[in-house]
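Student: Work the whole structure out from these sequences, hints included.
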Amino acid sequence: QQPVQSPQAVILREGEDAVINCSSSKALYSVHWYRQKHGEAPVFLMILLKGGEQKGHDKISASFNEKKQQSSLYLTASQLSYSGTYFCGTEGGNDYKLSFGAGTTVTVRA
Amino acid sequence: EAGVTQSPTHLIKTRGQQATLRCSPISGHTSVYWYQQALGLGLQFLLWYDEGEERNRGNFPPRFSGRQFPNYSSELNVNALELEDSALYLCASSLGQGNYNEQFFGPGTRLTVL
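As they're listed, the protein sequences go chains A and W.
Residue 1 is where the first sequence starts when you use our numbering, and the numbers rise one by one after that.
Residue 1001 is where the second sequence starts when you use our numbering, and the numbers rise one by one after that.
Just so you know, the hints here were simulated from the structure itself, not pulled from any lab data.
You may find that some hints are simply not true.
Stretches of chain W that chain A covers, calculated by requiring three or more beta carbons in the stretch to come under 8 Å of a beta carbon on chain A [claimed, not checked]:
#1 1008 to 1016
#2 1048 to 1058
#3 1103 to 1114
Interface residues of chain A toward chain W, partial, derived using beta-carbon atoms under 10 Å [what the hints assert, rightly or not]:
#4 Q5
#5 G39
#6 A41
#7 G89
#8 S99
#9 A102
Computed far set for chain W versus chain A, every beta-carbon distance over 10 Å [stated by the list, open to error]:
#10 H1029
#11 S1065
#12 E1084
#13 D1085
#14 S1086
For clarity, every value in this text was computed on a predicted model and none was experimentally measured.
Glycine included, C-beta positions come from ideal geometry on N, C-alpha and C.
Tutor: Here it is, written out as C-alpha cells:
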C-alpha cells in the first residue's frame, strides 16, 4: 500500500527549514528517501531501518518511528540545490518491494 | 563508472501495440527494478529481478512482463498497450538482494501511447 506524504508542496526561502512526513497504514521494515530534480532520475538520500534510528546527509536528516509507522525528513538551512521532489519509499515486510509516496515538491527561492 | 542506462529515451506507440524497454545496470549490480512514474502518481513498483529470476512484482496486469539476461541487463515488455500506460518508466539497479542497498536510477524511457 502506498505511503502518504505531506505536505504535497512547500516553498522555502534559502536558509529556512522544512519537514516532510511519510506515513504508512501498515508496519514498516525500512524507509528510503529519494530526491528527484525536474527531468532527472531520482537520487538516493538515505535508508532507515526499523529501530527508530536517525540519519543525516549534509543538512538533510531523517527519523523513523516504527511504532507510529512514519518517517520524517528534515531540511535544515535549505539551499537552492534542495529544490526537487522528495519521495519516501517504504517496505512493509521482508519482501524487498518498495512502495513510494506521491512525492513532496520543494521549491527553495533566493 | 557508468550509471544505469536505459533505451530508448522516448517511445511512441499506438493502442494495442507492444513496447520493449531496455535497461543496463551498473557494473557489478545484480538486482534490477522497474518502476512506472505516471504524472502525479509518484513511483509505482513494477518488477524486481535478481540473478536472472523474477523476485517480486507490483500490482500490474500480466501484460507487463520482463526478463533479466545473464549479463544482468533487463527488458520490460508491455503488451496490448493502453492509453493509461503512457508514463515514464524508470529502471534502477542495486548491488544485490534486499533494500539495504541503495537503488541507482536510470534516466528513464518516456512511453507515449496514442
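Student: Next step is simple, just say for each hint if it's right about the structure.
Tutor: Hint-by-hint comparison with the structure:
no., hint, in the structure
1, 1008 to 1016, "violated (count 0)"
2, 1048 to 1058, "holds (count 4)"
3, 1103 to 1114, "holds (count 6)"
4, Q5, "holds, 8 Å"
5, G39, "holds, 9 Å"
6, A41, "holds, 4 Å"
7, G89, "holds, 7 Å"
8, S99, "holds, 6 Å"
9, A102, "holds, 4 Å"
10, H1029, "holds, 13 Å"
11, S1065, "holds, 17 Å"
12, E1084, "holds, 17 Å"
13, D1085, "holds, 18 Å"
14, S1086, "holds, 17 Å"
The earlier numbered hint that this structure contradicts is number 1, and it is the only one.
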